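Trainee: This is what each chain is made of:
Number of protein chains: 2
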Amino acid sequence: MNSVFHRILQWSAVVLLAVVLPVTPGWAQDLLPSWNDGLAKKTIVEYVGKVTKEGGPDFVSQGERVAVFDNDGTLWSEKPVYFQLLFAIDRVKVLAPKHPEWKTNQPFKAVLENDMETLVESGMRGLVELVMTTHSGMTTEEFEKIVSDWIATAKHPRFQRHYTELVFQPMLELLAYLRANGFKTFIVSGGGIEFMRPWTESVYGIPPEQVVGSSIKTKFEMRNGRPVLARLPEVNFIDDKAGKPVGINQHIGSRPIAGFGNSDGDLQMLQWTAAGKGARFMLIVHHTDEEREWAYDRESHVGRLDKALDEAKKHGWTVVDMKRDWRRIFAFEK
Amino acid sequence: MNSVFHRILQWSAVVLLAVVLPVTPGWAQDLLPSWNDGLAKKTIVEYVGKVTKEGGPDFVSQGERVAVFDNDGTLWSEKPVYFQLLFAIDRVKVLAPKHPEWKTNQPFKAVLENDMETLVESGMRGLVELVMTTHSGMTTEEFEKIVSDWIATAKHPRFQRHYTELVFQPMLELLAYLRANGFKTFIVSGGGIEFMRPWTESVYGIPPEQVVGSSIKTKFEMRNGRPVLARLPEVNFIDDKAGKPVGINQHIGSRPIAGFGNSDGDLQMLQWTAAGKGARFMLIVHHTDEEREWAYDRESHVGRLDKALDEAKKHGWTVVDMKRDWRRIFAFEK
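These protein sequence lines are chains A and B, in that order. Each residue of the first sequence is one higher than the one before, starting from 1 at the first, in this note's numbering. Each residue of the second sequence is one higher than the one before, starting from 1 at the first, in this note's numbering.
Bound-form chain A, shown alone (with noise of 0.2 Å):
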């Protein structure tokens, strides 16, 4: 066999490997490192065979393969309080100079004195406010480079880590290993459409089209010849409960056959995708590990976790048990 021969069955190989092994069952376990063998890992191996085993009485192809994850709490940590609310409150912080009065006003004065009691007594009227003040009056653009260079830099307060390096090692693991299976993922959060789409694709792999959010609206304007969206202190869409499945609908236009989730509020996204004809997939992350991350669930204020557990026992969708399915949480575990 002469040389260029050899060369061709050295690239034939290197291209059909890359073609046929992300979808062989038997390497697919391999893509799941951080899941400890157990009935989770096994449920969600099983289903991703059956679903794309071609000619099976559960097949579906490959378009239709669309799931959904929830965010905060699902693909990264959500305590003390949700990351965004972390954000807002550091951009009071750096725009106080600039607003004398907040020194007097709440919730500005509970944020700037670090009062986080008075701040959750504000309610949501005061979060509301909180948000809307440090989430508009600034273009597009300009909002995205302020969550990049936030998102670079900022610190999570009990790991001392970036918050990008709170997302959960098994979850990342799942996304790539439903892609590999021909599956397309979608984040749909309660959490700001344009909070999270500056960074999910580095790090979950999810472009900005894939992902779900709430959102304020914004506005189109000429600015010295040069077009600009404006945000405006004015909600859009809110993404959470119920607003999932109208989320899902407005920007996805077909139903999952799969859902991800960890609180109530993400009890109608994974009600929606159960509804649907043929074989379907719920998964709720059960947070039980104070350890290495957090345990909470029916009394916590962040993603409660009490009709939605109830319904998962129901209908028999799989829960993870974090501390006993998840070998490792973070990547930065030793």
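Don't take each hint at face value.
Stated by the list, open to error - Here are some chain A residues pointing at chain B (derived, C-beta under 8 Å):
#	residue
1	Thr133
2	Arg197
3	Thr218
4	Leu229
5	Asn249
Claimed, not checked - So the derived list for chain B, only partly shown, Cβ under 8 Å to chain A, looks like this:
#	residue
6	Pro57
7	Glu201
8	Pro208
9	Thr218
10	Asn224
11	Pro227
12	Val246
13	His251
14	Gln271
I should point out that these hints are in silico values taken from the structure, not numbers from a laboratory. This structure is a prediction, so every number in the text was calculated from the model and none was measured. Each residue gets a CB set at the ideal place from its N, CA and C atoms; glycine is no exception.
Dock chain B against chain A, hints included.
Mentor: Here is chain B on its own, set in the frame of chain A:
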């Protein structure tokens, strides 16, 4: 050489061709056979060559190759009126037996009497009422079925062809050509998002999540234990004119590098596309062929092209002269 080697060589050839060919420039021009050789085709091919040339000064990475297309008048015809309005008219006729009051109430009376003049006189208010009445009051699933049934059966008054046959063959080729060169193709239309999604994937190769359009509000409800999204008679978003950049930002989350339109309704989308950094491509389809399709621009009520034509000339955007630039408009032409 034995037969196993033979087979492997054949396979490797097939695989390599599939991988290599779509990005080979020489091959590219043959993907646009319905375009006459001329300036429009030349600028398209040159632009695509430029942004896909790795290491070149205008190279754009694959994830950022976002192209946006208007639908009515850009991908399919829009005369005598937007096809979605013809759908609404057909729905009024189907629903009329259950609405005896329509015999006397406008704009329904005009529709039932085929009195287009009075219908047009009812203005935007009459048209909105017509669309709301025919597009709401059912679930999203029910509406999808209604649209799918109509699009599969209804015929265009002039051509007596299904509406999906009135798509422009050169634009189908352009969509496929861009995708073969690593572009993501999106529709950004003033038309109803849920009116388009049932058929855009099979007709244009554009999946539902890459369709942006106008919408009415929907509401998540449990009906007999089953979740549905009810379509409400309330406008959610108008994806036209200054709304198009807003819709692009909301759904796509990054700025397109190429934009394709045909009317003043697309002007802001093209301005938004043009204002980004790096090499940009803006194209306007000018309807100049009354024999094969229609000829209209500055004076037309549907698809008026006036300001955008001036802007195109001013900024050197590509203007397609349908009569001159398109060898074939519809696939059914001889």
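Trainee: Decide, hint by hint, whether the structure agrees.
Mentor: Evaluated hints:
1. Interface hint at threonine 133 of chain A: violated, since its Cβ lies 21 Å from the closest Cβ of chain B, which is beyond the 8 Å cut-off.
2. A hinted interface residue such as arginine 197 of chain A counts as satisfied when its beta carbon comes closer than 8 Å to some beta carbon of chain B; here the least separation is about 5 Å, so the hint holds.
3. The criterion of a C-beta within 8 Å of any C-beta in chain B is met by threonine 218 of chain A, whose closest approach is roughly 5 Å, and the hint holds.
4. Interface restraint check: leucine 229 of chain A against chain B, minimum CB-CB distance 5 Å, threshold 8 Å, status holds.
5. Because the smallest distance between the Cβ of asparagine 249 of chain A and any Cβ of chain B comes to about 5 Å, under 8 Å, the interface hint for this residue holds.
6. Taking 8 Å as the C-beta contact cut-off toward chain A, the hint placing proline 57 of chain B at the interface is violated, the least distance being around 23 Å.
7. A cut of 8 Å between beta carbons decides the hint on glutamate 201 of chain B: the least distance to chain A is about 7 Å, and the hint holds.
8. Interface restraint check for proline 208 of chain B: the shortest CB-CB distance to chain A comes to about 3 Å, inside 8 Å, so the restraint holds.
9. At its closest, the beta carbon of threonine 218 of chain B sits 5 Å from a beta carbon of chain A; the interface hint therefore holds under the 8 Å criterion.
10. Nearest Cβ of chain A to the Cβ of asparagine 224 of chain B: about 11 Å, over the 8 Å cut. The hint is violated.
11. Proximity of proline 227 of chain B to chain A holds as hinted, the smallest CB-CB distance being about 5 Å (cut-off 8 Å).
12. Below 8 Å, beta-carbon pairs count as interface contacts, and valine 246 of chain B has one with chain A at about 5 Å; its hint therefore holds.
13. Because the closest C-beta pair between histidine 251 of chain B and chain A is about 6 Å apart, less than 8 Å, the hint holds.
14. At its closest, the beta carbon of glutamine 271 of chain B sits 5 Å from a beta carbon of chain A; the interface hint therefore holds under the 8 Å criterion.
Comparing the model with each numbered hint stated earlier shows that hints 1, 6 and 10 do not hold.
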